[in-house]
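Protein chains in written order, with this note's numbering: chain D, 3 to 121; chain R, 24 to 134.
Bear in mind the hints are in silico, worked out from the structure with no lab data behind them. Since this is a predicted model, take the numbers as computed values, not measurements. Do not take every clue at face value.
Which residues of chain D face chain R? A few of them, derived with a C-beta cut under 7 Å, are [said to hold, decoys possible]: (1) Y29; (2) P43; (3) R61; (4) F66; (5) G68; (6) Q69; (7) V117; (8) S121.
Simulated DEER-style distance windows between Cβ atoms [as the list claims (entries may be wrong)]: (9) S19(D) with P37(R): 28 to 38 Å; (10) Q39(R) with S121(D): 45 to 55 Å; (11) V4(D) with G75(R): 15 to 25 Å; (12) T132(R) with K45(D): 10 to 20 Å; (13) G38(R) with S19(D): 45 to 55 Å; (14) N33(D) with N78(R): 32 to 42 Å; (15) P37(R) with Q67(D): 43 to 53 Å; (16) S120(D) with S90(R): 37 to 47 Å; (17) S19(D) with A99(R): 42 to 52 Å.
In this text, a Cβ means the ideal position worked out from N, Cα and C, and glycines have one as well.
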Amino acid sequence: EVQLVQSGAEVKKPGESLKISCKGSGYSFTNYWIGWVRQMPGKGLEWMGIIHPYDSDTRYSPSFQGQVTISVDKSISTAYLQWSSLKASDIAVYYCARHAGMYGSIDYWGQGTLVTVSS
Amino acid sequence: QSVLTQPPSVSGAPGQRVTISCTGSSSNIGAGYDVHWYQQLPRTAPKLIIYGNSNRPSGVPDRFSGSKSGTSASLAITGLQAEDEADYYCQSYDSSLSGSVFGGGTKLTVL
């Protein structure tokens, strides 16, 4: 069974750094692009970017380029999303998402990680 | 403003048919990239219900169907049920952005 299991909810202060994770299981991790999707409170889905675990080829949405870093450790089948300096506007649920190809659908989703930023 | 445009809301009575449109441009849907559709129930992760414009993953009822023409796509739901009440999103690839994009989402209310 394919599963994407994300790390738990986080509460951080503005300016702090953060790295959340997404562990894949039940499939060959290095065969599929894996990406991140943001959902701000009460809002829609926003595609942030993807990475291919085989060679770490990474693509970002222009809206998120330079704001976050997507990485992967294929030895432990885990993808990461990180911030160097959080802002209040980063409050959202972040989903990791397995893509069936760079242009393809998202066939599996993680359960979501809620990130709260508050002083 | 989303690259893919969806109506904010649609509604229908149980048993009726509703459609949700997704309008794009020549850099995404019109360029031939596939459209995919997701259902998001409250407080849950989205779920893929249509991929490759018109294909249903295993387990998705045939009440859900998708189509694409030109720079637009549509999701149709027939025989509406109370459990269909959810947010629906379209997704495609955009060559000018070099990445995927989502529609703004449509809230389906079953009256």
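Do the hints match the structure? See the list:
At a threshold of 7 Å, the smallest CB-CB gap from Y29(D) to chain R is about 15 Å, leaving the interface hint violated. For the restraint placing P43(D) at the interface with chain R, the shortest Cβ-Cβ distance is roughly 12 Å, beyond the 7 Å limit, so the hint is violated. Among the interface hints, the one on R61(D) holds; its C-beta lies about 6 Å from the nearest C-beta in chain R, closer than the 7 Å criterion. For F66(D), the interface hint is violated, since its Cβ never comes within 7 Å of a Cβ in chain R; the closest pair sits about 9 Å apart.
Taking 7 Å as the C-beta contact cut-off toward chain R, the hint placing G68(D) at the interface is violated, the least distance being around 14 Å. Because the closest C-beta pair between Q69(D) and chain R is about 14 Å apart, greater than 7 Å, the hint is violated. Taken as an interface hint, V117(D) does not check out: its beta carbon lies about 15 Å from the nearest beta carbon of chain R, beyond 7 Å. With its C-beta approaching chain R no nearer than about 26 Å, S121(D) sits outside the 7 Å limit, and its interface hint is violated.
At about 49 Å, the CB distance of S19(D) to P37(R) disagrees with the hint of 28 to 38 Å. The hinted window of 45 to 55 Å between Q39(R) and S121(D) holds, with their beta carbons roughly 49 Å apart. The hinted range of 15 to 25 Å is satisfied by V4(D) and G75(R), whose Cβ atoms lie roughly 19 Å apart. About 18 Å separates the C-beta atoms of T132(R) and K45(D), a value consistent with the hinted range of 10 to 20 Å.
Checked against the hint of 45 to 55 Å, the C-beta distance between G38(R) and S19(D) comes to roughly 52 Å, which is consistent with it. For the hinted restraint 32 to 42 Å between N33(D) and N78(R), the CB-CB distance of approximately 20 Å leaves it violated. The supplied range of 43 to 53 Å is met by P37(R) and Q67(D), whose beta-carbon atoms lie about 45 Å from each other. Under the hint 37 to 47 Å, the C-beta atoms of S120(D) and S90(R), about 45 Å apart, fit the expected range.
Checked against the given bound of 42 to 52 Å, the beta carbons of S19(D) and A99(R), roughly 46 Å apart, stay inside it.
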